[in-house]
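Participant: Going line by line, the protein sequences match chains A and B. Just so we're aligned: 44 in the numbering used here is position 44 of the first sequence, and the numbers increase by one with no gaps anywhere. Just so we're aligned: 34 in the numbering used here is position 34 of the second sequence, and the numbers increase by one with no gaps anywhere.
Heads up, some of the hints might be wrong.
[As the list claims (entries may be wrong)] Restricting the straight-line Cα-Cα distance to at most 27 Å, the calculated cross-link-like pairs of lysine-lysine (DSSO-like) are:
| # | chain 1 | residue 1 | chain 2 | residue 2 |
| --- | --- | --- | --- | --- |
| 1 | A | K38 | A | K26 |
| 2 | B | K110 | B | K144 |
| 3 | B | K142 | B | K110 |
| 4 | B | K129 | B | K110 |
| 5 | B | K138 | A | K175 |
| 6 | B | K144 | A | K175 |
| 7 | A | K175 | B | K78 |
| 8 | B | K67 | B | K233 |
| 9 | B | K110 | B | K143 |
| 10 | B | K78 | B | K67 |
| 11 | B | K110 | A | K175 |
| 12 | B | K143 | B | K129 |
| 13 | B | K143 | A | K175 |
| 14 | B | K142 | A | K175 |
| 15 | B | K138 | B | K110 |
| 16 | B | K126 | B | K138 |
| 17 | B | K78 | B | K110 |
| 18 | B | K186 | B | K233 |
[What the hints assert, rightly or not] Stretches of chain B that chain A covers, calculated by requiring three or more beta carbons in the stretch to come under 8 Å of a beta carbon on chain A:
| # | stretch |
| --- | --- |
| 19 | 49–57 |
| 20 | 157–163 |
[Stated by the list, open to error] Pairwise CB distance ranges, derived in the manner of DEER restraints:
| # | chain 1 | residue 1 | chain 2 | residue 2 | range |
| --- | --- | --- | --- | --- | --- |
| 21 | A | A253 | B | N57 | 41 to 51 Å |
| 22 | A | A153 | B | D76 | 22 to 32 Å |
| 23 | B | G135 | A | V260 | 33 to 43 Å |
| 24 | A | E145 | B | P58 | 17 to 27 Å |
| 25 | A | V260 | B | H18 | 48 to 58 Å |
| 26 | A | A66 | B | N206 | 48 to 58 Å |
| 27 | B | N57 | A | H121 | 49 to 59 Å |
| 28 | A | A90 | B | G135 | 46 to 56 Å |
| 29 | A | G180 | B | G113 | 22 to 32 Å |
| 30 | B | K138 | A | T2 | 38 to 48 Å |
Quick caveat, the hints were computed from the structure, so don't treat them as lab data. C-beta atoms are modelled at their ideal positions from N, C-alpha and C, and glycine is treated no differently.
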Amino acid sequence: MTGLAILATVIVIVPLIAIFGYLIYKGASSLNFAFFTKSPAPVGELGGGMANAILGSAIVLALASAIGVPIGIGGGIYLAEFGRGTKLAAAIRFTADVLNGVPSIVMGLAAYALIVVPMKHFSAYAGGVALGFMMIPTVCRTSEEMLLMVPNAIREAALGLGVPNWRSVLSITVKTASPGIITGCMLAFARVAGETAPLVFTALGNQFWSTNLNQPIAALPLQIYVYALSPYDDWHRLAWAGSLVLIVLIVFAVSLVRYVTSRGVLKGAS
Amino acid sequence: MGVGIEVVNLNAWYGTNHTLQDINLNIPANHATALIGPSGCGKSTFVRCINRMHETNPIGRVTGSIKIGDLDVYKDAKPVQIRRRVGMVFQRPNPFPTMSIYDNVAAGLKLNGYTNRRSLDEIVEKSLKNSALWGEVKDDLKKKSGASLSGGQQQRLCIARALAVDPEVLLMDEPASALDPVSTSKIEDLIFQLKTQYTIVIVTHNMQQAARVAEKTGFFLNGRMVEFDSTHKIFTNPSDKRTEDYITGRFG
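Bound conformation, chain B alone (with noise of 0.2 Å):
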């Protein structure tokens, strides 16, 4: 099951770039919240601050607190923990080239030292199916590699993959924004199942996408969070002038 995400006071920085500005929210267990504005505006740095992936970059720092259920991301735990709670699909698919199918799925498992051969295999089918994957790949999972599929079936393995460590959140990095309109209607299909399950950030930049999967939606405009509220009022009611210029397309 999903867990709340609380997150207070959040500053990022990059190098002396103050790309996060006095971030809080309060993200909703099992529903999916979306993430919109402009270029640069910080929502990929705010998922990454989620897991801990921002300070992977040397020069990456980050002030504040965000709490997942009851663990303080930044007090209680170390990074690779966090990261087995919180899964994440990037703007790009990026399976593992070297790996077949069932092996990407199962990467998250075996790398860190889980060998049960039953079980894994319970796993991968429970993940591709989770992610709708197994109907396309159920006969070449140990055949063919990751990188063999088409963009929009790697960006569903690399869902897979991340469901496959048991999250209970997963963030999405404009997940569907290198895929073709079929790819990602199936992607946000996908999404619509998975947040009955998960907690899920989906950062788009396509703001359709975001009225159409998500019940929360947060607008970020130059690292600060302008306004969050719930997906119906940003689109049809913003409270804030910047919001409204930007829905009807004024700037970004």
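The following block holds chain A by itself, in its conformation from the complex (with noise of 0.2 Å):
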């Protein structure tokens, strides 16, 4: 039984590592200063980098954050705590759940007529909307899972005290549960920050260095997506090489979070 799970484990783990490996193996030769200081040089030109696309997928998934997070956060709550056994509760975890399995296309299609064709120009908004929008499922169900798995006893506690049921909510209820709801934010940015399909016709993807929230705005995937297609060398390494800045810049994004919201947790506390 221990060995079915090791090779399980194995198995589970082997992939990543492959993955990370093969990325490593073609893309770091192609990493240098360039990449990360310069925008991609015009067709036929030599070098380049990426730097315009690493800082449009921050902005972009910036943007998506700040619509998912606290929508979902809100959602999640108004689940767990407010809405319990009411029948909008159920409407709402059945549409959660609904817009989870959404293709990811159809997000980028829905932002495009959403917002695109009424403002009439692709933009950083619409990517971010999109990702945003595919963000709040996730953030929101592992919110209210998490905020089930407080024990109610807590709960009793915090009103025995004749605190309001809204501060024992925010301040006991959510603060028990934050570990727990910001791995949900993380596992729901980590989906996103990969996403290409929602980006193709709302971000759209910039060649220049643009930070205009209403400009078209390059993102890493795009841009990956952009060079793998090419017909050229330079570019296919280039787009290795942004494969493998992705992934650590998801891994060091998570990391970061995790650690700065570890912080200031005590001892015993679990």
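With the hints as a guide, dock the two chains, each given alone in a separate frame, to form the complex.
Facilitator: As structure tokens, this is what we get:
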């Protein structure tokens, strides 16, 4: 039995290590200072980097988190604390589960129809909205699950002290569940960070340095997609390097949030 | 100082289940009053009606009146105001797991917007001394989580937390039933000291415990209060046959 469990663990880990190893093998050699500081070189010229795409991804993901995290957590709090047993809660839960299953390209189309078409141009906003909406169901449902795991005795303790219900929910229940809620947010973040499809007709991509939220913006997954499909060897190499950087940045961002939020946790608290 | 509690025609329901029927009694100020009875007899529901915790359950319903001193619990005030005057200690120790020992004790005040740090320090120290925990935790107040303490210490922490908001009444719902004998006796000693300052209502399964700590004892059975008298009389010469059967161990 133990042997089977170990085998299963190995099978789970092998693809991860294989992908990561292959990315380092293919991509590390093309990583250099210019990759992080320069925008893409014009067609036909060698060199150039993905600085604009790294920045663009950061901007689009920040927008997405600004939309997905508060709405998702708010929804989770409603489902677990205020709407228990109501029809509205059941409807929200069902909708969130359906939304979670919607293919990412459809989310991109929705953002295209809702934002790009009325604004008449592609923009970072549209990309952020598409990714943000993709984060909502994951954040919402994991927040709900985590809040439901908080023992009722903790809620009663707070209410018994004469703390109003809303205050007890925010300061006690959510705080107690916060490690799990943060994990849920990180999962959602990591999932959308690598999404390409929802960005194709929202953020569109951009060959130049741009921080204008109202204009098309570059993103790592888009840049990788374009470069990988190109006929140039130099671009292929940059695409590999971009993939490596994307994964490293996601791991870095997740670890950073984990570290920051785990500080200040007391001994014996779990 | 504690105040007396006057209960008149109290009825309570869980859904269609009539868990408390026509309860009438007067709980004296600054004494410990024990409520005994078999499981499911309504004694826990009764104390949860005193601080209006019963209605936090969506299917809970109450009629009748309870007066704490001059305050009519179900007419004059909101539940949160009642609960600040009526502290509660639960069956299982339930410190806030993410908070330090200090923050656990200060929680009731802080969450109600009280921020004067110096007097918070004093209140935390006084509450922990009153719950006989100060000596064991004074060096780890802000370093250790409330959840890192032993079960008995956690329960005394919960008592300190309840005392910190300066209540007049302290409700204890089987406070020692999840604890070992040593911790139990510490809790009982504590009840002895605290009843000079607070009106204490303690629900217990343990009849010796009721006999040890309480001046008055009420016997509950099937949602009704069968008998309420001095503890001595209940345990030596009860006037109701059912009380006698219960305390002599014929059922329950």
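Participant: Give a verdict on every hint.
Facilitator: Results for each hint:
1. At most 27 Å may separate the alpha-carbon atoms for a hinted pair to count; A:K38 and A:K26 meet this at roughly 20 Å.
2. A threshold of 27 Å between alpha carbons decides the hint, and for B:K110 with B:K144 the separation of about 19 Å falls inside it, so the pair holds.
3. Restraint check for B:K142 and B:K110: satisfied, since their Cα atoms lie roughly 15 Å apart, inside the 27 Å limit.
4. The suggested pairing of B:K129 with B:K110 holds, with an alpha-carbon distance near 19 Å, which does not exceed 27 Å.
5. At most 27 Å may separate the alpha-carbon atoms for a hinted pair to count; B:K138 and A:K175 meet this at roughly 25 Å.
6. Among the hinted pairs, B:K144 with A:K175 is consistent with the structure: their alpha-carbon atoms are about 17 Å apart, no more than 27 Å.
7. Between the alpha carbons of A:K175 and B:K78 the distance comes to roughly 26 Å, so the proposed pair stays at or under 27 Å and holds.
8. Among the hinted pairs, B:K67 with B:K233 is consistent with the structure: their alpha-carbon atoms are about 26 Å apart, no more than 27 Å.
9. Among the hinted pairs, B:K110 with B:K143 is consistent with the structure: their alpha-carbon atoms are about 18 Å apart, no more than 27 Å.
10. For the hint linking B:K78 to B:K67, the alpha-carbon distance of about 14 Å falls within 27 Å, and the restraint holds.
11. In summary, the hint linking B:K110 to A:K175 is supported, as the alpha carbons are separated by about 15 Å, within the 27 Å threshold.
12. In summary, the hint linking B:K143 to B:K129 is supported, as the alpha carbons are separated by about 18 Å, within the 27 Å threshold.
13. About 18 Å separates the Cα atoms of B:K143 and A:K175, which keeps this hinted pair within 27 Å; it holds.
14. With a C-alpha separation of about 17 Å, the suggested pairing of B:K142 with A:K175 holds against the 27 Å cut-off.
15. Between the alpha carbons of B:K138 and B:K110 the distance comes to roughly 20 Å, so the proposed pair stays at or under 27 Å and holds.
16. With a C-alpha separation of about 11 Å, the suggested pairing of B:K126 with B:K138 holds against the 27 Å cut-off.
17. About 19 Å separates the Cα atoms of B:K78 and B:K110, which keeps this hinted pair within 27 Å; it holds.
18. Simply put, B:K186 and B:K233 have alpha-carbon atoms about 26 Å apart, close enough for the 27 Å limit, and the pair holds.
19. Counting residues of the stretch 49–57 of chain B whose CB lies closer than 8 Å to any CB of chain A gives 3, which reaches the minimum of 3, so the coverage claim holds.
20. With a threshold of 8 Å between beta carbons, the proposed coverage of the stretch 157–163 of chain B by chain A holds, since 3 of its residues qualify and at least three are required.
21. At roughly 42 Å, the beta-carbon separation of A:A253 and B:N57 lies within the given 41 to 51 Å, and the hint holds.
22. Hint check: A:A153 to B:D76, Cβ distance near 29 Å, so the stated range 22 to 32 Å holds.
23. With their beta carbons about 36 Å apart, B:G135 and A:V260 fall inside the hinted range of 33 to 43 Å.
24. In this structure the supplied range 17 to 27 Å holds for A:E145 paired with B:P58, their Cβ-Cβ distance being about 21 Å.
25. Checked against the hint of 48 to 58 Å, the C-beta distance between A:V260 and B:H18 comes to roughly 53 Å, which is consistent with it.
26. At about 55 Å, the CB distance of A:A66 to B:N206 agrees with the hint of 48 to 58 Å.
27. In this structure the supplied range 49 to 59 Å holds for B:N57 paired with A:H121, their Cβ-Cβ distance being about 55 Å.
28. Checked against the hint of 46 to 56 Å, the C-beta distance between A:A90 and B:G135 comes to roughly 52 Å, which is consistent with it.
29. For the pair A:G180 and B:G113, the beta carbons lie near 28 Å from each other, so the given range of 22 to 32 Å is met.
30. In this structure the hint that B:K138 and A:T2 lie 38 to 48 Å apart at CB holds, the actual value being about 46 Å.
Of the numbered hints listed earlier, not one is contradicted by the structure.
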